[in-house]
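Once you have looked at the hints, place chains B and C on chain A.
Chains as they are written, first to last, in full-length UniProt numbering: chain A, 1 to 454; chain B, 1 to 327; chain C, 1 to 305.
Any given hint might turn out to be false.
To be verified - Taking beta-carbon pairs under 7 Å as the criterion, some of the chain B residues facing chain A (in silico):
{"no.": "1", "residue": "Thr77"}
{"no.": "2", "residue": "Leu81"}
{"no.": "3", "residue": "Phe136"}
{"no.": "4", "residue": "Gly140"}
{"no.": "5", "residue": "Ser144"}
{"no.": "6", "residue": "Ala145"}
{"no.": "7", "residue": "Leu187"}
{"no.": "8", "residue": "Tyr269"}
{"no.": "9", "residue": "Gln273"}
{"no.": "10", "residue": "Gly275"}
{"no.": "11", "residue": "Gln293"}
In short, the hints are calculated from the structure, not lab data.
All C-beta atoms in this analysis are idealised placements derived from N, C-alpha and C, irrespective of residue type, glycine included.
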Amino acid sequence: MDVHSTHACTPRTPRGRRHARRATALLALGAATALAISGCAAGGGSGDSDDGGDKTLSVWLPGTNQAEIDLVTDTIVPAFEEETGAEVEVTYVDWGDISTKLNSAFAAGTAPDIFGHGPAATADFVANDRILDLDDRVAELSQADRDDLATALPGGQVDGVQYLMPLSLQGYLVMYDADAFTAAGLDPDSPPTTWEELKDAAETLTERNGSTITRSGFLAPSQAIARQQTFATFLFGEGGTLVNEAGTEAEFASAEGADALDFFTSLYTGDDAVSANLGEDYLNAPAAQQPLVQQTAAMTIQAPSMMQQIVDAAPDRDLRVMPPLSFEGGDPAAFGGAGPGLMINADSKDPDLAWSFIEYMLSPEVSTEYTQGTGTIPVRASAAESDYAKNSPIITAFLAASPDFQTNPNVVGWVQVRDALDKQLERALNGVATSQEALDEAAAEADKILGANG
Amino acid sequence: MTSPTLAPADALAASAGATPPPAGDDATQPTASAPRRRRRWSRTAIFGLVFVLPAALYIVIFQLVPVLYGLVLSFTTYSPLSRSGPEFTGVDNYAELLGDADFGNALLVTGRYVLQVLPITVVLALALALLVNRPFKGVGLFRSALYVPHIVSLTAVSMVWLWMYSQTGLFNEVLGFFGAAPQNWLLDSDSALNAVSAMRIWKALGSNMVLLLAGLQSIPRDLYEAARVDGAGRWASFRYVTLPGLRPMLVYVVAMDIIYLAQGFAEIYVLTQGGPLGSTTTVNYLIYTEAFQYNQMGSASAMAFVLFALIIGFSVLAVRGVMGRQK
Amino acid sequence: MTASVDTRRASALRRMRRGHAPGEGRVGSIVVLVIVTVLVMVPFAWVVSLSFTPQSEAFGSVSLFPAHPTLENYATAFFDADLARALLNSAVVGVVTVATNCILAVLAGYAFAMLPFPGNKALFYTLISTAAIPISVTLIPLFLMARGIPLVGGNDILGQGGSGLLDTLAGVILPYIVMPMNIFLARQFFTSAPLELGEAARMDGAGELRIFFSVYLPLAKPLIAVVAIFSFTGVWDDFLWPLVVTSSQEVQTVQLALARFLGSGNVQYGPLMAGTVIATVPVLIVFLFNQRSFISGLSDGGVKG
Numbered sequence: 001m002d003v004h005s006t007h008a009c010t011p012r013t014p015r016g017r018r019h020a021r022r023a024t025a026l027l028a029l030g031a032a033t034a035l036a037i038s039g040c041a042a043g044g045g046s047g048d049s050d051d052g053g054d055k056t057l058s059v060w061l062p063g064t065n066q067a068e069i070d071l072v073t074d075t076i077v078p079a080f081e082e083e084t085g086a087e088v089e090v091t092y093v094d095w096g097d098i099s100t101k102l103n104s105a106f107a108a109g110t111a112p113d114i115f116g117h118g119p120a121a122t123a124d125f126v127a128n129d130r131i132l133d134l135d136d137r138v139a140e141l142s143q144a145d146r147d148d149l150a151t152a153l154p155g156g157q158v159d160g161v162q163y164l165m166p167l168s169l170q171g172y173l174v175m176y177d178a179d180a181f182t183a184a185g186l187d188p189d190s191p192p193t194t195w196e197e198l199k200d201a202a203e204t205l206t207e208r209n210g211s212t213i214t215r216s217g218f219l220a221p222s223q224a225i226a227r228q229q230t231f232a233t234f235l236f237g238e239g240g241t242l243v244n245e246a247g248t249e250a251e252f253a254s255a256e257g258a259d260a261l262d263f264f265t266s267l268y269t270g271d272d273a274v275s276a277n278l279g280e281d282y283l284n285a286p287a288a289q290q291p292l293v294q295q296t297a298a299m300t301i302q303a304p305s306m307m308q309q310i311v312d313a314a315p316d317r318d319l320r321v322m323p324p325l326s327f328e329g330g331d332p333a334a335f336g337g338a339g340p341g342l343m344i345n346a347d348s349k350d351p352d353l354a355w356s357f358i359e360y361m362l363s364p365e366v367s368t369e370y371t372q373g374t375g376t377i378p379v380r381a382s383a384a385e386s387d388y389a390k391n392s393p394i395i396t397a398f399l400a401a402s403p404d405f406q407t408n409p410n411v412v413g414w415v416q417v418r419d420a421l422d423k424q425l426e427r428a429l430n431g432v433a434t435s436q437e438a439l440d441e442a443a444a445e446a447d448k449i450l451g452a453n454g
Numbered sequence: 001m002t003s004p005t006l007a008p009a010d011a012l013a014a015s016a017g018a019t020p021p022p023a024g025d026d027a028t029q030p031t032a033s034a035p036r037r038r039r040r041w042s043r044t045a046i047f048g049l050v051f052v053l054p055a056a057l058y059i060v061i062f063q064l065v066p067v068l069y070g071l072v073l074s075f076t077t078y079s080p081l082s083r084s085g086p087e088f089t090g091v092d093n094y095a096e097l098l099g100d101a102d103f104g105n106a107l108l109v110t111g112r113y114v115l116q117v118l119p120i121t122v123v124l125a126l127a128l129a130l131l132v133n134r135p136f137k138g139v140g141l142f143r144s145a146l147y148v149p150h151i152v153s154l155t156a157v158s159m160v161w162l163w164m165y166s167q168t169g170l171f172n173e174v175l176g177f178f179g180a181a182p183q184n185w186l187l188d189s190d191s192a193l194n195a196v197s198a199m200r201i202w203k204a205l206g207s208n209m210v211l212l213l214a215g216l217q218s219i220p221r222d223l224y225e226a227a228r229v230d231g232a233g234r235w236a237s238f239r240y241v242t243l244p245g246l247r248p249m250l251v252y253v254v255a256m257d258i259i260y261l262a263q264g265f266a267e268i269y270v271l272t273q274g275g276p277l278g279s280t281t282t283v284n285y286l287i288y289t290e291a292f293q294y295n296q297m298g299s300a301s302a303m304a305f306v307l308f309a310l311i312i313g314f315s316v317l318a319v320r321g322v323m324g325r326q327k
Numbered sequence: 001m002t003a004s005v006d007t008r009r010a011s012a013l014r015r016m017r018r019g020h021a022p023g024e025g026r027v028g029s030i031v032v033l034v035i036v037t038v039l040v041m042v043p044f045a046w047v048v049s050l051s052f053t054p055q056s057e058a059f060g061s062v063s064l065f066p067a068h069p070t071l072e073n074y075a076t077a078f079f080d081a082d083l084a085r086a087l088l089n090s091a092v093v094g095v096v097t098v099a100t101n102c103i104l105a106v107l108a109g110y111a112f113a114m115l116p117f118p119g120n121k122a123l124f125y126t127l128i129s130t131a132a133i134p135i136s137v138t139l140i141p142l143f144l145m146a147r148g149i150p151l152v153g154g155n156d157i158l159g160q161g162g163s164g165l166l167d168t169l170a171g172v173i174l175p176y177i178v179m180p181m182n183i184f185l186a187r188q189f190f191t192s193a194p195l196e197l198g199e200a201a202r203m204d205g206a207g208e209l210r211i212f213f214s215v216y217l218p219l220a221k222p223l224i225a226v227v228a229i230f231s232f233t234g235v236w237d238d239f240l241w242p243l244v245v246t247s248s249q250e251v252q253t254v255q256l257a258l259a260r261f262l263g264s265g266n267v268q269y270g271p272l273m274a275g276t277v278i279a280t281v282p283v284l285i286v287f288l289f290n291q292r293s294f295i296s297g298l299s300d301g302g303v304k305g
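Isolated chain A, as found in the complex (with noise of 0.2 Å):
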């Protein structure tokens, strides 16, 4: 508690301490009937907020699903824990949900040994210096090691330094559907390599009723947040880069972020569109209603773990994945890099006990494991000798595709950029603003944010 003594709260807390004595009285009674209650649980969950204490460990894990959980309770903990005599306690929290969570036990001093978010989080936990720095430790992995997790671990950096361990990685690629393929004239087993390719074939592959567009020949994500991605998928396939190398200018702005836009924008717009429905959250909609699914699309971005329900939902079809793709000229780039995973608390009473539990989950055959329960793309390049990966094609090829992945940057401020960026894109996509407008006008709020920060 030493550290936390002088945080936050200074204005409130002298005042606030004072009617909570006045308040004990009031309590008692409110309070005493609920604890006693409750008596069973008031012993058993105050681990977490004791401080480590005799080896214990608390961790927050980034996700909900139940093969994960399954995997973490009855395997990865109780070997933990006999192999170094600490106690694990493990609370799970889809990583959506743990910004609340976060936020407030760092205000208080409660927050765990280990945590997960996204990588986008990193950079303003290492601003406040809540997070510890891993490079030392990293350093001590084997080399063989380290090459093998030489894909995942940039995306858990800030200005170079280690601080995020994923768990997996994340990526977007092409999924389409081969009969549409076969039926248009086109040839499945040669599928486009340039946007420019993909393009066209999405004009040959769009249906129309009237000026309607009943299946989109290509859908990329185009709602809030996505199509930030989305964009930054194309400007990397053009060769455009986000920000600079020192994370206090916008550089998206060019040529290339112009371009980029102007292609995103061609999909819904004019009389040779290929999209229909802009701003409609696809991603996430149930399998049964995917429109590679309903037949509504012929190619769709998308994320592994929804490529494999699309297919149990669609066993009959045959549907398959792109790699992925550039403009003409350009480098092939997808959408991807390290997904959510863990950090260690800054103020963490066993740091050490920490480390070899995140090492323990990065393990080659603990990390596959957890990779395949939760569906997701291994982060160790190994991985796809291992049966997960020979036994899903979807697998296979993000794993190959995973050398050209390409993410957001870990800069503070990072969200305040993208939402910035998002609503220009917005603009642009809906003909508000030209490209170059919204991309201009973005580039000076992100310019802001940036410079206010670093």
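Frame of chain A, contents of chains B and C only:
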């Protein structure tokens, strides 16, 4: 009640006049309110304070103190992640809101949202409450069925709504049945807020109905009989017995609906994430983003207190409107 | 006018018999009621339907009846998420909340309406205005207070050294012990209760607590029903506070258990909907049980009317 002009704060309290008889109300009021205006610290006043104290102490400590903490934060910059604590910046956060186009837009969206949801829920809920305020076999089932939307988990049922609004969903299927073209309910900035409103009305209808039903129960049956003796028809007895008798509960329903609608967030978070083109970005949606996505508690708090002031202002106006006739 | 004043006085002691507007056009209104009820039930009908639908078919068609109905979702919901434990926890939290609100909030609302004291209005408006501040702003200070409650969870008298009410059911209950809106509701309800009854009892020498409990509380059945229902639904539905204040499986509430099936990009529709049905039923039972107090005293006079 004896004072002819009511201060804004008194408007709510004026409902204490309550259940005025079918015609005219001046005669009863002095009698009714006389005991409430005795000596300042009479025995009943002391008991009043004692009865209020446990609840009041609790709320002051666990609700008001956090609110005041937020008020202090609104004059600072503060990230819950930071180790250094809030930094006092005076009225900067408020000043920034003045020129913030997004905030202005969010205020307009919030206002429109409240104005279009409020009357519909209240009127519909009142109609339903009247319908289920009759004793017939199975009325309990109707009441329960109508209350189901209020108790079913929003997150789960929002997935059904998302699907109903989707391209191949129920609404477009129904439109197609009548030969109409499918609509982009949630994807069109002209219709998105209406679509969100529809779900909110659906969700809030049951709770308003239950409140008004309880209100109807507190109208003495004799008043209807007296009205009938006086020759009042159905409309007259609704107008002169039901409505005045419901006033205290209507005041509650309208005030609470404004307070909660103006803080609309969850339904937007699950259906539209504030889009398209900001057409469903309410103030509370901005506050959430600012507080938990950007970790900027200071400016989030400032927005919250601007919203707070507007909510209080509008509640008082609306309650005065409901009370209007009584004055 | 005089007649109605007399009626009012004469009826004061018979107020326990609450009335309703005499029902006319009954068939027409029941038809309307049936139509509205069916429409209102549509989304929930799909929740139920999906709870019997396998994952790969969820939302695949507009048919209300799944092609391959399954009970597996219920098994998954029940065993994977430890729903039984969560239901029990939520029930405990709900019952305590109902009790504290029905006593403390109703008593306070009664006093604000019937026993005014100097400054009561200012206090009243201060208390209910706290409902107009979004939870985003008050969440963290409330969390700090839950951790700093003295003498519980290893804390000393100053609220230091331990975890306070964090990760306990008492911590989950903390923000709900008295909901300001319930005080407001109770006050509105009692403003239309007859003052004469209390006056008469006072003249007979009854104490204030006794007047409240034996004179006015029996009149307030619909109020108690509504406060109970709203308090119960309020805590039953909440997600954000339990998410923040609890960590261990032993104290998770129903909504946290359901969140198990709401992984980002990996929603398990069947178990989620099955869990939702399971979670809705207890509240519905509470409601069915409570709504009877809306009819009490009504059926005797009402049937004839």
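Now for the hints, and whether the structure bears them out:
About 10 Å separates the beta-carbon of threonine 77/B from the nearest beta-carbon of chain A, more than 7 Å, and the hint is not met. Taking 7 Å as the C-beta cut-off, the interface hint given for leucine 81/B holds, the closest approach to chain A being about 4 Å. Hint status for phenylalanine 136/B: violated, given a least beta-carbon distance of 40 Å to chain A, over 7 Å. Here the hint on glycine 140/B is broken, as its CB sits about 30 Å from the closest CB of chain A, past 7 Å.
Nearest Cβ of chain A to the Cβ of serine 144/B: about 28 Å, over the 7 Å cut. The hint is violated. About 26 Å separates the beta-carbon of alanine 145/B from the nearest beta-carbon of chain A, more than 7 Å, and the hint is not met. A cut of 7 Å between beta carbons decides the hint on leucine 187/B: the least distance to chain A is about 4 Å, and the hint holds. This hint is violated: tyrosine 269/B has a C-beta 11 Å from the nearest C-beta of chain A, more than the 7 Å allowed.
A hinted interface residue such as glutamine 273/B counts as satisfied when its beta carbon comes closer than 7 Å to some beta carbon of chain A; here the least separation is about 4 Å, so the hint holds. For the restraint placing glycine 275/B at the interface with chain A, the shortest Cβ-Cβ distance is roughly 5 Å, inside the 7 Å limit, so the hint holds. Hint on glutamine 293/B holds. Least Cβ distance to chain A is approximately 5 Å, under the 7 Å limit.
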